[in-house]
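Following the hints, put chain B in place on chain A, whose structure we already have.
Residue numbers (the numbering used here), protein chains in the order written: chain A, 1 to 452; chain B, 1 to 452.
Hints are supplied without guarantee of correctness; some may be wrong.
A pair counts as met if it fits within one copy or between any two copies, since identical chains are not told apart.
The list that follows gives simulated cross-link-like pairs (lysine to any residue, SDA-like), each with its CA atoms no further than 20 Å apart [stated by the list, open to error]:
1. K196 with A155
2. K52 with R416
3. K177 with P32
4. K196 with D224
5. K177 with D265
The set of hints was computed from the structure by calculation and includes no laboratory data.
None of these values were measured; they are calculated from a predicted model.
There are 2 protein chains.
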Amino acid sequence: MTSGTSRRLHLNAFLMSVGHHEAAWRLPQSNPLAHIDVEHYRNLARIAERGKLDSLFLADSPVQMGSPGRRPSGRLEPTLLLTALAAVTDHIGLIATASTSYNEPYNLARRFASLDHISGGRAGWNIVTTAGVEAALNFGLDDLPAHRDRYERAAEFLEVSTKLWDSWADNAIVADKERGVHADADRVQVIDHVGKYFKVRGPLNVPRSPQAYPLLVQAGSSEDGRNFAARWAEAVFTAQQTLEEGKAFYADLKDRVARGGRDPDTVKILPGIVPVIADTEREAHELDAELNRLIIPEYAKRQLAERFRLSPDELDLDSELPENLPTEDEIEGAKSRFTLIVALARRERLTVRQLIGRLGGGRGHRTFAGTPVQVADAIQYWFDNGAADGFNIMPAVLPSGLESFVDKVVPILQERGLFRTEYETTTLRQHYGLARPANQFATGDRGLAAAL
Amino acid sequence: MTSGTSRRLHLNAFLMSVGHHEAAWRLPQSNPLAHIDVEHYRNLARIAERGKLDSLFLADSPVQMGSPGRRPSGRLEPTLLLTALAAVTDHIGLIATASTSYNEPYNLARRFASLDHISGGRAGWNIVTTAGVEAALNFGLDDLPAHRDRYERAAEFLEVSTKLWDSWADNAIVADKERGVHADADRVQVIDHVGKYFKVRGPLNVPRSPQAYPLLVQAGSSEDGRNFAARWAEAVFTAQQTLEEGKAFYADLKDRVARGGRDPDTVKILPGIVPVIADTEREAHELDAELNRLIIPEYAKRQLAERFRLSPDELDLDSELPENLPTEDEIEGAKSRFTLIVALARRERLTVRQLIGRLGGGRGHRTFAGTPVQVADAIQYWFDNGAADGFNIMPAVLPSGLESFVDKVVPILQERGLFRTEYETTTLRQHYGLARPANQFATGDRGLAAAL
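Next comes chain A alone, as it looks inside the complex (with noise of 0.2 Å):
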C-alpha cells in the first residue's frame, strides 16, 4: 500500500434494483418495476457520472434467487443492461458479473470484448463462481460443482480468456485497399487450447478491444477465492464489517498477491458499504430503523436459515443464533459471507431479529448511518488505515441514496483532495491506474496463415 497526497480513493456505485436495503422497495417512492425498468437503471447511470464514481457495478446469478413472492427479484442480464448504461454515459466504468460455471470461454470472451468496443474500453468483468445448487439446476446438472472445482474451472477459465483476447494482435488490420488486404493474418492466432474443463481453438472473433481484456475483478473471499484473486483480479470486491477484519484481509490479499509476483498497487481492494446518509446523525439512525421495521423477520428468517443449512424452525427470532452451526468446510458457497456473518452475531451477542436487521441493509456488507461528514469520514478512515484503496458504495435506497452519496459525500471528498473532480482519464483501466495488459502471443510465429 502507497500513501500520501497522491493516492485517490476508488469509488464505485454497486446498482441493484431500488437499493440494496431488502425492504427498500416497500417505502412509498419505491418504483417496484425498478429491477426491470431501463428508465431507472439510466437515471442512476447519470447520477453516478455526476459524481465521476469510477463504475457502476451490476451484480448475478444466472438463476431465480429465492422464493419471488417477497422483494423485487429477477434481473437483466447485465453485460445487456450495462450496454444499454454505455448509450447514455461517456467515462464512467461498466462492471458486469458473470459466472465461470454456466458460460463458455468464448462466448463470454467474445461478449466482454464486444461491451469493450461499444463503451470505448469501459468494460469491466466480475469474475464469480456462482454459489448455490438452484442454479446448477438451470445447467442440467443435478447438484453444485465442489467449491474447489469451480475455482479450478474459473482459473482455466481465465487462462482461455486471456488467450482469445491477445488472439488479436493490435496492430492486426492493416486496412491495405490498394492489395485487398485487411488484416495480417499473421498476427491473428489460433490459440488451440486443451486443458482440463475447455478446448478451445480460437481465435476470437472480435479484434484486440480498447483495453485489451476488461478490467477483472474478483469477489470471492475464501481461501480459494483469495488465491484466484491473487493471480487474476485487479480489484477484490469484499465484505468487512470491523477496521481489524478489514485491514487483515486488505494485508492478506496484498501479501498473496506479491508473494506471486505482482506488484500489490496493481490491485485495488474495496469493500461494499451501505451509507445511510441524512443531514442529521439522528435523521439517518431514523432512516435506517424505518427500513429495518419493513423487513419481514419470518421471510428474513428463513433466508438466514437457507444460509446455515438449518430448518427455520431451529432459529429463534428473540434467541441468539444456535451453537450447532456449520464449520465454512461445509458450506459449498459464500464461504466468507457465511463465516462473516456467524462473526459478527457472536461477537456483539446478537438476537436473530437483530442480526436480520443489521443484514438488511447491505446482506453482510457494512452498514452506516450518518451525515455526509460522517460517512466521508468512516470512508476516509478505512483508506488512510489499511483497510481499504475505495468501496464499493451500496445505497440502501436508490435512486436517493445515490444521489445523496455524489451530492453530498463526494464533495466532502474532493475537498480533501481524495477523489477526483473530473474524468481525467478514458478507460475503466486508466480510472483504477491500471496498464492496458501486454498482448501474450508474440507477432507472427503462431499466426492464422500458418495454421491454415
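The following block gives chain B in isolation, referenced to the frame of chain A:
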C-alpha cells in the same frame, strides 16, 4: 397467401459492416473499422428507422469465419450490439442471430427477454444451428454435430426457451407494499424440463417481457430447416434466385405450416435481395461491375472450393464447375445454399469466375441492379406473385446502399400503398401483424410456492 390492398410488405435491414458485397470495404469511402465501430451501426439504425423498416437484422456465428486477411472479419456480439442500437431508435425491431448449438437455453432465453424489456418489445431471434466445423472447435468438440442432431437440439432448445419465457405469468408482480408481497409466487413456475439435450429447472430470472417471446425467425431452407420453420418460425429468411424457385419455396413452406396446424399468414417469408441502386440502369450496372472487379478471384475461389469440399486446384476460374461435386446429403452445413449455388451455375453455364461475381454481392442471395423504380418493381413482382411477404434488404455497400433504398425505393413502395408511411404499432411482433403468445402455463397450479 392473401392479396389485396391491405396486404403490406415487410422490409428488414440486414446490416453487415460496410456492406454485403465482399469487396465493399475496398471502396475509397468505406470505413475499414466499421465492423467494430458502434457509431457506424448507430448511423445505419437511424437510416433504417427513417425508412420505417420493420427491423434491423444481424447475422452471427461464434467463430472467426475463414481467413481474417481478405475482408473485414469478426463482429460484435449481436445481442449487445442491438442493445446499443435500441438506445438510438424508438420503433424498429432488433433481430439477433444466435446459435442453439453453442448456447445454454437459460442464458440465451434470458438475454432475449432482457433485450425485449430494454427495447420495449422490439427483440427478435434468428434461430440458427451453426454450420461449419470451425465453430464446433471453439466449444470443446472435435467435429460438427450432424445436421439432424443440431436440429433436434434446436427444437428442444425452443421448447425450453418458451417454457422459461412463460415461467412468469403476466400478472405475477402484484407489488403490494402494505403486505410486503412483491410477486404472487403461485404465478411464477418452475419448468422442470428434462429432455435429451437439456435439464432445466427454472423459473427464468426475468419477468415476462413486452412481447413474451422475441419474434422467432429462422433461416435454414434444408428439409430439416423447413420442418423446424413450420413448427416454430414467425419469419423465414431465405435465399432464392428466381421467381419460380421463390414461388416453390413459398408454397412449400406455407403448406408445411398449414399441415402443422398453424395459420400460414402468421409465418412471413422474406427472401434476401441485394439491391444495387443508381439513378440510371447503366450506372447501377457499372456500380455492380466495379464492385465485382474488386473481388480477389483467388481468394474467392478458395472459399468456393471449401464450400464444395474440393481443393482450390480442382476449380479453374475460366471453366464451369466440375461434374464431381458432392450431393446435398453429403454437406453438413448450409445445405440449401449449396444446392442453390450449384443450380445457378449449371442453369446459366457460368464459369467459376462469373459465379464468383454473382456470389460476391450476397453469398447466394439475389442481386438486383437497377433504378429505384426497377428495384421497387422487382420487390413488388415477387410480393404480388406468391414468392414473398417482404424482403431482407442486403445493401451491397453501407451506409450508401441503405440510404439509397430508404430515400429512393421506400417512397415508391409507400406511394403504391405497399409499405407503411409511419410506424403504427409498438412491438416488432405487431409490426409483423402477429399476436403476442399466450402463456402455456395455467396460473396457480404449478407455482413456485407449491414447489418450495
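Any hints from earlier that this structure breaks? Give me their numbers in increasing order, please. Hint check: 5 fails alone, others pass.
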